[in-house]
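Trainee: If you want the building blocks of each chain, they are given just below.
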Amino acid sequence: MSTTFAEKVLASKAGLEQVVPGQIVEISPDTALSHDNAAPIYGIFRKIGVPRFAKPEIVAIVLDHATPAPTTKHAENHRIIREMVKEQGIQHFYDAGEGICHQVLVEKGLSLPGEVVLGSDSHSLHAGVMGAFGAGIGRSEMATVWATGALWLRVPQSMRITVSGRLPEGVTSKDLALRVIGDMGADGALYMSVEWHGEAIEALDLSSRATLPNLMAEMGAKNSYLPPDDKVFDYLDTGGRAQRSYTPLYPDPGAHYAVEVTYDASTIEPMVARPHTVDNVAPLSEVAGTHVDQAFIGTCTNGRLEDLAAAAGVLRGRKVAMGTRLIVIPASREVYLQAMAAGYLQVFVEAGGMVLSPGCGPCMGNHMGAPAVGEVAISTANRNFRGRMGTKESEVYLASPLVVAASAVAGEIVHPHELVDS
Amino acid sequence: MTIRGRVWKYGDSVNTDVIFPGKYTYTVSDPAEMAQYAMEDLDPRFAQEVRPGDIVVGGTNFGCGSSREQAVTCLKIAGVGAIIGKSFARIYYRNCINNALPAIISPEAVDAIRDGEEVEIDLEAGEIRCPAGAFTFPPLPQVAMEMIAAGGLIPHTRKRLGLE
Chain A
0 MSTTFAEKVL
10 ASKAGLEQVV
20 PGQIVEISPD
30 TALSHDNAAP
40 IYGIFRKIGV
50 PRFAKPEIVA
60 IVLDHATPAP
70 TTKHAENHRI
80 IREMVKEQGI
90 QHFYDAGEGI
100 CHQVLVEKGL
110 SLPGEVVLGS
120 DSHSLHAGVM
130 GAFGAGIGRS
140 EMATVWATGA
150 LWLRVPQSMR
160 ITVSGRLPEG
170 VTSKDLALRV
180 IGDMGADGAL
190 YMSVEWHGEA
200 IEALDLSSRA
210 TLPNLMAEMG
220 AKNSYLPPDD
230 KVFDYLDTGG
240 RAQRSYTPLY
250 PDPGAHYAVE
260 VTYDASTIEP
270 MVARPHTVDN
280 VAPLSEVAGT
290 HVDQAFIGTC
300 TNGRLEDLAA
310 AAGVLRGRKV
320 AMGTRLIVIP
330 ASREVYLQAM
340 AAGYLQVFVE
350 AGGMVLSPGC
360 GPCMGNHMGA
370 PAVGEVAIST
380 ANRNFRGRMG
390 TKESEVYLAS
400 PLVVAASAVA
410 GEIVHPHELV
420 DS
Chain B
0 MTIRGRVWKY
10 GDSVNTDVIF
20 PGKYTYTVSD
30 PAEMAQYAME
40 DLDPRFAQEV
50 RPGDIVVGGT
60 NFGCGSSREQ
70 AVTCLKIAGV
80 GAIIGKSFAR
90 IYYRNCINNA
100 LPAIISPEAV
110 DAIRDGEEVE
120 IDLEAGEIRC
130 PAGAFTFPPL
140 PQVAMEMIAA
150 GGLIPHTRKR
160 LGLE
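Residue numbers (numbering that gives the first Met the number 0), protein chains in the order written: chain A, 0 to 421; chain B, 0 to 163.
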């Protein structure tokens, strides 16, 4: 029988010949990812009453949500995790400063083609950029994975998005993802496995591809998959990134999809998600001219080298507008070092921006740049819910790094093509 | 199992940031304090006035957003007996089941129920009784019923591991 990616990978992990959507299977993930929430999860784990992790080798922990710790309470949280890591003999531990968990998993070769990554973070779908099955789970579930090495999953229905053609210059994968989310709504792919196919997807570099599965969390998806190709294999082989051998999996021709949609990339234009939901999407032209107090370039969605390169291209030789602040946070230490070597960080600082250490930064309002009451922020992140960045009396727009950089220069929402130098 | 309480009705896509703001996720862990922030950015009256057994009713995609389990536990601790929605975000749905908080899908009931009404839910019979009438809903999956009966995923796991 022809199967989708999700059906294939879950059947293989469950040791079954085949599975069907709706079926509940028990599987053991190849990687079990947590971040700063590992401390409360450890509290739940101890309630279960087993002394040791069943499979410490599958556990990965990356401190990223509040790093470096902004308060004593956050610092205590990190301390508990470091003690637990020692106690349980966890090898894949990445302390504050290494980067955002989803990016670090990719860089460290722990999100691998054909594997299952379960993460106690809603953007764990990100692993799909490497051809893995990545899905978010809750804290009690992660505690159970730690204790037993396994968890139940319901086999999802699948959606196939095929994107033909090429994105126009100045239009990015962020615009494509926002367009799709705007069209289908925040529950457009509820419980589904979303597959991305087509020449426009193949043409993207890995950094731009990663934005797609990452954002599918905002459409309700369970996981999102891109077929791994030579770009993925070359990346993993370079410097021996892959932590183990892997077997890529692909959907069969003729597999059944609950939803199939096609897009022509050449028709996509720059898009912006308006406050206060990610599916409140409009073409950039509709919100152009909106004043911004703070522009933020970073996060697991758009904080990679290519994102910073695009932003630096806009900001080179320009200044951030009076009355607007620019915050730039590379997604990882690796990205930070590469951006430094390429001169991008110099560009940001010279333009008047603030470059901060790798991590999630102000994305969910923990620290490093909360907006004031009544302020407007534009961000490359994946979420703009009311109160997301700290106060519910602020507004957050989401856009591509190109648009956020240009908006920082103009002090209002604008596309770089429209930027007029005074 | 029968749940009876007063309804707190909200709209579509009630997200985890308004149920339990992200800024508290690493600073608030005391259960009583957690309950005090429930729905802070959606309905400031909620935390003060919610009573044990009360029922939250939402539209489509209830609980979308973060995987933070506090968005379920803060309601559970505040006394919420069940949530009825037109549909649920998938991690939120799992978190409900894993914390023995029944999450019930019934678009018809959601349309019929009004804010502040008394509603009764019979989990085994799969029936919601409200002033507008009775509505049936498909039974929860077997694994969900087992989890709720055990008191949540953690006691369920303990049982499976032979620890109780």
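To be clear, the hints were calculated from the coordinates, so they are not data collected in a lab. Owing to the predicted nature of the structure, the values given are computational and were not obtained by experimental measurement. Any given hint could be a false lead.
[To be verified] Straight-line distance between alpha carbons at most 20 Å, and here's what the computed EDC-like set of lysine to aspartate or glutamate pairs gives:
no., chain 1, residue 1, chain 2, residue 2
1, A, Lys7, A, Asp251
2, A, Lys391, B, Asp11
3, A, Lys230, A, Glu333
4, A, Lys72, B, Glu32
5, B, Lys8, B, Asp40
6, A, Lys72, B, Asp29
[To be verified] If you only want the chain B side, here are some residues facing chain A, beta carbon under 8 Å, derived:
no., residue
7, Gln47
8, Arg50
9, Ile90
[Unchecked claim] Not close to chain A: a few residues of chain B, all C-beta gaps over 10 Å, as computed:
no., residue
10, Asp16
11, Gly21
12, Asp40
13, Glu116
14, Glu119
15, Arg128
16, Pro130
17, Phe136
The beta carbon of each residue, even a glycine, is placed where N, CA and C say it ideally should be.
Trainee: If a hint holds in the structure, say so; if it doesn't, say that too.
Mentor: So, going through the hints one by one against the coordinates:
A threshold of 20 Å between alpha carbons decides the hint, and for A:Lys7 with A:Asp251 the separation of about 9 Å falls inside it, so the pair holds. A C-alpha spacing of about 18 Å is found between A:Lys391 and B:Asp11, which places the hinted pair at or below 20 Å, so the restraint holds. At most 20 Å may separate the alpha-carbon atoms for a hinted pair to count; A:Lys230 and A:Glu333 meet this at roughly 18 Å. As the CA atoms of A:Lys72 and B:Glu32 are separated by approximately 15 Å, the hinted pair is consistent with the 20 Å bound.
Using a Cα cut-off of 20 Å, the hinted pair B:Lys8 and B:Asp40 holds, with the two alpha carbons roughly 15 Å apart. Distance hint between A:Lys72 and B:Asp29 is fulfilled; the C-alpha atoms sit about 13 Å from each other, no more than 20 Å. With a cut of 8 Å, the hint placing B:Gln47 at the interface with chain A is violated, because the nearest CB-to-CB distance is about 18 Å. A least Cβ separation of about 25 Å between B:Arg50 and chain A goes past the 8 Å threshold, and the interface hint is therefore violated.
Interface restraint check for B:Ile90: the shortest CB-CB distance to chain A comes to about 5 Å, inside 8 Å, so the restraint holds. A beta-carbon of chain A comes within 10 Å of the beta-carbon of B:Asp16; the shortest separation is about 4 Å. Taking the minimum C-beta to C-beta distance to chain A, about 4 Å, the non-interface status of B:Gly21 is violated against the 10 Å cut. Distance to chain A contradicts B:Asp40 as a non-interface residue, since its nearest Cβ pair spans about 4 Å, not more than 10 Å.
The beta carbon of B:Glu116 is kept farther than 10 Å from every beta carbon of chain A, the shortest such distance being approximately 25 Å. Annotated as non-interface, B:Glu119 keeps its C-beta farther than 10 Å from every C-beta of chain A; the closest such distance is 28 Å. At the 10 Å boundary, the C-beta of B:Arg128 stays outside the reach of chain A, the nearest C-beta of that chain being 27 Å off. Its beta-carbon lying about 28 Å from the closest one in chain A, B:Pro130 satisfies the requirement of being farther than 10 Å from that chain.
The non-interface label for B:Phe136 is consistent with chain A: the shortest C-beta to C-beta separation is roughly 17 Å, beyond 10 Å.
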